[in-house]
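Residue-level listing of the chains:
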Amino acid sequence: MKRRTMKLQAAGLLLAVSGLTALPAAPLAAQTPIDEMPGYFPLELLDVLAPEDVSIEINLRGAMLRMISSFTDEEDPEFAALVAGLDAVHVRSGEFDPNEMADVGARVAAGQRWLQDNGWLAMLRVRDEGEEVYIYTREVGVEIVGLAILALESGEATAINLIGRIDPDQIGRLAAGFGGGGLEDLQERLDREVDR
Amino acid sequence: MKPETLSCDRASGLVEACVDGDLPPAERALIADHAAACPACAEQIALAERIRAQLRRLPRQDAPPRVIASIKARARTERPAAAVDPRWRRPLWAALAAAVLLVAVAVSLLTPDRHAPSDAELIRAADEARYALARVAQLTSQATRDAGRELSPRLLARPAMDGLARSLGRARNAADAIHEDEGGAES
Chain A
1 MKRRTMKLQA AGLLLAVSGL TALPAAPLAA QTPIDEMPGY FPLELLDVLA
51 PEDVSIEINL RGAMLRMISS FTDEEDPEFA ALVAGLDAVH VRSGEFDPNE
101 MADVGARVAA GQRWLQDNGW LAMLRVRDEG EEVYIYTREV GVEIVGLAIL
151 ALESGEATAI NLIGRIDPDQ IGRLAAGFGG GGLEDLQERL DREVDR
Chain B
1 MKPETLSCDR ASGLVEACVD GDLPPAERAL IADHAAACPA CAEQIALAER
51 IRAQLRRLPR QDAPPRVIAS IKARARTERP AAAVDPRWRR PLWAALAAAV
101 LLVAVAVSLL TPDRHAPSDA ELIRAADEAR YALARVAQLT SQATRDAGRE
151 LSPRLLARPA MDGLARSLGR ARNAADAIHE DEGGAES
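First to last, the sequence lines map onto chains A and B. Numbering-wise (the working numbering), the first sequence opens with residue 1 and increments by one. Numbering-wise (the working numbering), the second sequence opens with residue 1 and increments by one.
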């Protein structure tokens with residue numbers, strides 16, 4: 001009887017410690033993987049651009065976005081606030097051979113079908129003089145949790161996916177700060193980093 | 001006459017006493033023979049020896065005087081507990097030490113390898129984020145400038161879209177400024 005009691009005490013102690021050990025893992029287990037978030041658009045699966053044609057590829061997720069937000073908070077609080085609400089930023093962009101327009105167009109169409117099949121709303125769909133821009137949003141309630149853009153313009157294809165708390169008003173205000181060649185300056189800076 | 005052999009169950013029960021030197025030579029020899037033939041029990045014995053060595057390396061600390069006084073007072077008033085086989089007292093402390101080691105290993109395994117990015121890496125990542133957001137704004141402003149036929153009928157009706165409608169107006173101005181610069185650079 002005493003032996004059984006001692007064994008039970010030891011087993012109980014081990015179980016309690018094992019439970020405490022599992023506690024730090026609980027938050028890790030609770031984080032939703034990016035590809036299971038409602039605002040996720042699998043750019044890499046749809047391959048809008050062939051890998052060799054991609055000249056700009058951006059993949060920013062979770063922890064890095066939080067760090068960016070903290071890092072830029074003092075210098076640009078509005079940008080920091082916008083980034084803080086995002087879970088992921090994915091961009092694929094690059095030029096394609098005009099002879100491949102039909103192929104690229106088919107892949108863009110496949111991307112649109114995926115979005116429509118997965119509950120995304122078409123915000124804007126524009127086809128004008130060889131240029132196509134498709135903007136989709138994913139909503140949960142009245143909140144936009146995903147933004148997907150597919151664009152073909154002058155031999156350049158772009159696919160963008162933003163996941164998280166998206167405030168279009170914030171994006172618009174941010175864009176106002178990129179007038180006067182700011183976007184081109186950014187692109188040149190990113191290209192210089194790649195060439196280094 | 002066949003020499004006596006131990007089962008794993010029996011050997012497991014004698015491990016602690018063996019490591020503590022509480023077994024007679026004959027039983028120690030039986031344990032040793034069994035461990036030579038049973039890797040699992042040999043590992044258990046090795047673990048018990050490691051735990052014992054680590055416990056003995058822990059610093060000794062004196063109990064506070066009031067704790068000693070409290071124990072003495074209780075000893076005077078309480079009946080002595082029935083004798084417990086000492087071989088079963090040690091496993092509890094060994095289990096505690098093993099659990100502490102388990103926690104330490106688990107924490108080290110569960111803690112992700114956090115590589116803190118350098119300032120240069122953060123600057124580049126911030127530029128990438130700015131570029132992505134600026135492209136979003138540029139593309140949406142271009143689309144609204146060219147749109148006429150395929151606007152979603154729900155665009156202005158849904159409350160969530162009001163912000164987008166306002167922002168597109170602001171983004172259009174920014175995109176116009178970018179395109180004016182492009183035209184100036186080309187001429």
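No lab work stands behind these hints, which were simulated from the structure alone. Please read these numbers as outputs of a predicted model, since none were measured by experiment. One should not assume that every hint holds.
As the list claims (entries may be wrong) - On the chain A side, residues computed to face chain B include the following (Cβ under 7 Å):
hint, residue
1, M64
2, I68
3, F71
4, L124
5, V126
6, V145
7, A151
8, L152
9, I160
For each residue, glycine too, the CB sits at the ideal point set by N, CA and C.
Agreement of hint L152(A) with chain B interface, Cβ distance less than 7 Å
Since the shortest Cβ distance to chain B is 11 Å, the answer is violated.
Let's test the interface hint: is any C-beta of chain B closer than 7 Å to that of A151(A)?
At 5 Å from the nearest chain B Cβ, A151(A) passes the 7 Å test, so the hint holds.
Double-check L124(A) for me: the hint is only fine if its C-beta lies closer than 7 Å to a C-beta in chain B.
5 Å, holds
Given I68(A) was flagged as interface, is its beta-carbon under 7 Å from a beta-carbon of chain B?
5 Å, holds
Tell me if the interface restraint on V145(A) is satisfied: Cβ within less than 7 Å of some Cβ in chain B.
11 Å, violated
Interface hint check: I160(A), Cβ to nearest Cβ on chain B, cutoff 7 Å. Holds or violated?
Holds - the Cβ of I160(A) comes within 7 Å of chain B, reaching about 6 Å at its closest.
Let me know if the C-beta of F71(A) comes in closer than 7 Å to any C-beta of chain B, holds or violated.
Holds. Min distance 5 Å.
With a cut-off of 7 Å, does the beta carbon of M64(A) approach a beta carbon of chain B closely enough for the hint to hold?
6 Å, holds
So, V126(A) near chain B? Judge it on the closest CB pair being under 7 Å.
5 Å, holds
Of the numbered hints given earlier, the model fails hints 6, 8; all others are met.
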